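Undergrad: Assemble the complex: chain A is given as a structure, and chain B with the ligand must be docked to it using the hints.
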Amino acid sequence: MSKQQAAIVSAGFCEHASKRSDVNMAEMANEAIQDCLNNANIEMDAVDAIVMGNMPAFEGANLPELWMTDWVGARDKPLIRVTTGGTTGGSVAIAGYYHVAAGLPGIETVLAVAFEQQSCGNTSVGLSSVALGEISIVNALGLPAESAMRIFGAGAAIGIASYQAINYMKRSGCTEEDLARVVVQNRRNAAKNWWTHLKMPDYTIEQVMATPYVSYPLRFGMVTPASDGACAVLFTREEIAKDTVDIPAYVNGVSSVANETGIVGYAAAGAGQLDPCEQLGAVESAKLAYSQAGISFPEKEIDYAEVYSPFPNQELMWLERLGLFKENTAHLRYRDGTTAPNGELPVNCSGGVNSTNAIGASGLERVAEAALQIMGKAENQVPKTVHTSIGHGWGGCINFVTLTVLSDQPRRK
Amino acid sequence: MVKLEYLKKEYEKTRQMPGKWPLSSYRYKFNITHFQPFLKALKEKRLIGLKCRSCNTVSFPPKLVCGKCLVQPDQWVALRDTGMVATFTANYMKDETTGELQSFPVIAIQQDGADTTFLTQLNPAVKFEDVYVGMPVKVKWKNQPEGNLGDIEYYDVIDDATKKMKLQNE
Ligand SMILES: [Zn+2]
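If you read the sequences in order, they're chains A and B. For the first sequence, the positions run 115 to 527 when the working numbering is used. For the second sequence, the positions run 87 to 256 when the working numbering is used.
Since the hints were derived computationally from the structure, they do not count as laboratory data.
From chain B, some residues computed to sit far from chain A (all C-beta separations above 10 Å):
(1) Pro123
(2) Asp160
(3) Gln161
(4) Gly185
(5) Asp242
(6) Val243
Interface residues of chain A toward chain B, partial, derived using beta-carbon atoms under 10 Å:
(7) Asp136
(8) Asn138
(9) Gly174
(10) Ala175
(11) Asn236
(12) Ser250
(13) Gly273
(14) Gly386
Quantities reported herein were computed from a predicted structural model and do not represent experimental measurements. Note that the Cβ used here is the ideal one computed from N, Cα and C, for glycine as well.
Bound-form chain B, shown alone:
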């Protein structure tokens, strides 16, 4: 084996050579067939989830294969446009014109009637300090849906009925 002490006397610093690794030159392949009915529904401002007949898990957005059962879910179910914040964080970005650091919340929601999470945006006017796990939210649709993921402009905060219930109890 190479013994380092002989070599280290020869130099103090390793030379550097620049290199590039262009990730965009790769081709990422994915199946879109199971997404078509979902995108079509978005165009009509409807939300649908894909249900696995074996374990009854409803995935939203749809999954091609149920990882638990290794079967292809094929039953579409209608979902409400409301959901709940499952988890969240804040992202920070510099405003390109002013150079000011801006923060905005990023949320993972569980759509009512679905069993999976969906990573999405919250109304940018809401501060991340005001977000909490369990916060009820509702889809804000784009004015002219085109049948793609951009049709959900963001999720908006709605009244938390559980808070009122707590107040009544007190």
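Next up, chain A with everything else stripped away, as it sits in the complex:
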């Protein structure tokens, strides 16, 4: 048993929409798997193990790996499920990578599949399953239920994003128009991919600014949708990868870092992260993954980035924390077109999580798109040659970060 160089050779999607009422969860995941296998001309027999992941709280159907076995092609094969909140997809990718990299006998090709069918359940009930414990504690400590709901009602995923937005705008001088600009770029990019959810080829900054606030400073037109969808990625060993595709996307660095629970804290006792856009977890994950991949100058060496940003301010924040832009300058790079598909550092040409968000799948979709750009097979392929790309994931209570570094060359040994 020796350590193996792993590579991505294929990725597949199913069509994403707010309600995929023509399929159930199992069928939806199956669609993405079929697409992934077809794209590489591979049969399920060639797959040795399966990693799957979603957030069962959102569908309200627990332990999907038990009853979806046949639908993900796992009968008589090793199967494992990974769930880490919003980073689920990112963790599924990392688990897929480790399966191959570990060099276990008989485990050469691994299928990673992540999905979420949010229309099955109620996202706020799903999030309540996380927050209700905290809310009941403050309530038990004497804060009236009404006030508790008011305070924590501003929480959930969007509340946390608006706290981050407030502090980012204060730090950097970024305006609401700058946030709208990020959204417009994402939605226009989404229109160039067949599988995405909010395709808006003619979206403008004025249109975004005309929508009401959902949670100050984030407007309705800036917010991620709730999608149904699935994504599958095929990991394999270097030798097999070379025989399968012209340019495999080698996985040269992975990291998954947890930071302190943001803002609310355990038993609502707050957090030591006074500035929610500081994101030390992202800084740490970048250090780890870049050093594995031998990257010393991320701003020069990385050609393409897929970052996990349901809300536009997060896209700016992540690009800085992951070392791609100098602190407090990311919004300026959107003004001058650096991040456009034909720019110097194209970002989220898939339209990102801001345009499509099947939560469990979103992290894996970032890795998939980052790989496809290297392989030259992305639908919204950038004109420049992509040698090195990153796929990032974010989740939990603003405290989990996953990062995958991909390259067209195997890791220098």
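TA: Chain B with the ligand in isolation, oriented as in the chain A frame:
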């Protein structure tokens, strides 16, 4: 593996079956021992934080375990009733009688002398447009404190001395 194309000819729409997931039927457990002195102080209109002897972090409200050092903080320190807005947002709710959409600010404050944030309410008369990061605030106590979190009715805005300093400099 199941191949979808065979099945899809049979039907166009998946059937739906309603189900319920009653979250209130679960039991959430938490430790309250470290909260008792804090609640007792609230009844006397005093604020105290819990200090970790290992890293000197003062948590307000108190934390049972310091996540950095994995030790139990056990040193109580008195805090002033003033603090600073660390971050904020606005929440929107429909007035049940008029149906009008109302907005009010929700703030995370850093109490003077503490190193953590506390999610709380601002004086409802203050508009969220007027709130900013770094805004100084002060506890507004309930008239008859009962020794619980509700004793802090809300935080009130106080004069920002740094603004005056800026004016003098100009
Ligand atoms: Zn400590």
